[in-house]
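Enquirer: Protein chains in written order, with this note's numbering: chain A, 1 to 426; chain B, 1 to 230.
Note that these hints are calculated values from the structure, not bench results.
Among the clues, some could well be false.
To be verified - In silico DSSO-like pairs for lysine-lysine, Cα to Cα no more than 30 Å straight-line:
1. 266/A with 400/A
2. 345/A with 69/A
3. 158/B with 400/A
4. 158/B with 266/A
5. 158/B with 69/A
6. 69/A with 84/A
7. 158/B with 330/A
These numbers come from a predicted model, not from an experiment.
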Amino acid sequence: MSKRTVEFNVGRNPEMGVDGSVVDSPILPFDMPEPDLGTENMLINIGPQHPATHGVLRLVCELDGETVKRVIPHIGYLHSSFEKLGEYRTWNQIVPLTDRMDYLAPLIYNCAYVMTVEKLMGIEVTERCKVVRVICMEMDRIFSHLLWLGTTAIDIGAFTPFLYAFQERERIYQLHEAFTGARITTSATRVGGMMADLPEGWINGLQDFLDTFPNTLEEIDLLLTRNQIHIGRSQGIGVISAEDAINSGFTGANLRACGVDYDVRKDQPYYDYETYDFEIPVGQYGDCYDRYLCRMEEMRQSVSLLRQALERLPGGPIDVEDPNISLPSKTDCMSDMESMIHHFKLITEGIPAPEGDCYMPIEGSKGELGMYIVAEEGGTKPVRWRIRPPSLVNLSVLPKLAEEHLLSDLIMINASLDIVLGEIDR
Amino acid sequence: MTLDETKAGLDAVEEGPHLSERSTGSSDSKIDDPDGHPSVVALLLQFGDSVSGHRVSAGTQHVVWIDSARNLEILHWLRDSQDHQYDMISDITAVDYGAGRPIDVVYQLFSTVHKRALRIRCELPLDGLEIDSIVELWSAANWLEREVYDLFGVTFRKHPDLRRILMPDDYEEGHPLRKDFPLRGRFSRAEQTRRALDQSVEHSYIAEEMDLGRDPQQAVPIIGTKDGDG
Chain A
1 MSKRTVEFNV GRNPEMGVDG SVVDSPILPF DMPEPDLGTE NMLINIGPQH
51 PATHGVLRLV CELDGETVKR VIPHIGYLHS SFEKLGEYRT WNQIVPLTDR
101 MDYLAPLIYN CAYVMTVEKL MGIEVTERCK VVRVICMEMD RIFSHLLWLG
151 TTAIDIGAFT PFLYAFQERE RIYQLHEAFT GARITTSATR VGGMMADLPE
201 GWINGLQDFL DTFPNTLEEI DLLLTRNQIH IGRSQGIGVI SAEDAINSGF
251 TGANLRACGV DYDVRKDQPY YDYETYDFEI PVGQYGDCYD RYLCRMEEMR
301 QSVSLLRQAL ERLPGGPIDV EDPNISLPSK TDCMSDMESM IHHFKLITEG
351 IPAPEGDCYM PIEGSKGELG MYIVAEEGGT KPVRWRIRPP SLVNLSVLPK
401 LAEEHLLSDL IMINASLDIV LGEIDR
Chain B
1 MTLDETKAGL DAVEEGPHLS ERSTGSSDSK IDDPDGHPSV VALLLQFGDS
51 VSGHRVSAGT QHVVWIDSAR NLEILHWLRD SQDHQYDMIS DITAVDYGAG
101 RPIDVVYQLF STVHKRALRI RCELPLDGLE IDSIVELWSA ANWLEREVYD
151 LFGVTFRKHP DLRRILMPDD YEEGHPLRKD FPLRGRFSRA EQTRRALDQS
201 VEHSYIAEEM DLGRDPQQAV PIIGTKDGDG
């Protein structure tokens, strides 16, 4: 396994220690004792409607002046009980629920869900389907990271990266639309295959994106990576040690920024990820800046993964050829009695599952995205469908990270965690 | 299975929750072949009397049912013992099968050292939905256990902050992911709306926060006082 450490000392502010303390700075001219004003801590409320919370997150903060003493996050404003709804739906009917959770990377959630169901049922999808799903997932990793990049930049006052990032996102939206017919609510996967094969010319569209996107990424890189304001706002902010990060459940780029090389694609590989040539960026300090660097590098790695996937994309059918799992083609359905019966039975009854439970983690854009499914013998609906939400677990560390930081740093830390409230509240 | 039994979509919603009567639990005390997984072998050796079942699910996934009274001890051993080192808790959740069967609390463990996963399940009878909290072992368990408490009503003993997390603090309809909870809630839509409109601003804060905020806010009685609209 080849893993690589990004060079992190580039542009590191010499005036700032690793823990965020100011070592030597002309900004603090006075050396006078702090007067005792007999002040008390103040309670302020951020959200649920606040642009910097990136969704309907509410943070109740206890402040001593501008220093955050304690943060109590309140979530649940978007709770739609998808897990309960899933218990009333057949396996394929659940797919539309999954993309509504993380609307920033809908295809990853579509894929994660059907992969778990297939694993439970012991279905091996076709080679073409595997590669198409890898393309979908890597494309949406870029899609999600771009939103994170744009909104994080705008949180610290950099407007241009936001515009650049959203321009590129728009191109992925168009690819989504060309493939699935929807820009956000893609619902592209089915148990045993995809909703449809890639449309004609779609590969060229993706190739175009891959040809020009790295340039934009480098431009954003130029704007942010050595930007003194960005460095000042992110280096040494929200530091967490590797041990604490594992213990508190950090996954994804947040964990890797602390120096832990845990990536589900490498450690519990699925869909032949072990045969692709890609590297896992690992940080060193575990601060907001390292999380930024890791995600930037992940986008580059995803571009390389997409190129490799396009190269090896095999022909052949995209759905498994089992009439009890995949729907027959519409033509067959209208002309062939047998196909019509299969179609009817699949739609009305669904696919029977074996008894058992299955937990399958994949590397989502936000961290380890796990789906846990419990089924009964012959059940066409789950007894229990559970999503292991990476953002929820990552967000639960926020109070610890933000303690004793400035209020403005709280916004930066929250942005650097890359959360999506649709999935936190489910 | 006839068509009537497999109602989908809205038909099923009208009909209410679907109960599972089949056994997926440890009631049969079945021990599958533990050879594929060193931690399962070790668990059977070390805590044989507390392991009530073992299954290999979905081909390769090992599931071990343990005595719920010893969950803290066994998980602690799994985390710290040199040969296992399950340092990461991926997920904590619960499963309700309905029909009066026990609720299972499920722990997903992963070892970043040995790259191994293991699933631990504890059965809790419906009249004793209590289990020790494992927040002292993994701080990741904090919110995950709160979620199980919120949605299933399982009490985690010695949890530092056991409050509802997704549902409102004063939610009175019960625990939504239980099988006996109807999909549309226990109260009528009118009652739900009435309760939502009745809420005062104090409902938006937990007791801890109210204590904190009171003093400075009283000191400056200009706007947004206690009787104000906040």
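Enquirer: Hint by hint, say whether it matches the structure.
Expert: These are the hints, each one checked on the structure:
1. For a cut-off of 30 Å, the pair hint linking residue 266/A to residue 400/A stands: about 29 Å separates their Cα positions.
2. For the hint pairing residue 345/A with residue 69/A, the CA-to-CA distance comes to about 59 Å; that exceeds 30 Å, so the pair is violated.
3. Distance restraint check for residue 158/B and residue 400/A: the Cα-Cα separation of roughly 20 Å lies within the 30 Å cut-off, and the hinted pair is therefore satisfied.
4. Annotation: proposed proximity of residue 158/B to residue 266/A is violated, straight-line Cα distance about 37 Å (limit 30 Å).
5. A distance of roughly 24 Å separates the Cα atoms of residue 158/B and residue 69/A; the hinted pair therefore holds under the 30 Å criterion.
6. A hinted pair counts as satisfied when its Cα atoms are at most 30 Å apart, and residue 69/A with residue 84/A does not qualify at roughly 37 Å.
7. Pair hint residue 158/B plus residue 330/A does not hold up; C-alpha atoms about 58 Å apart against a cutoff of 30 Å.
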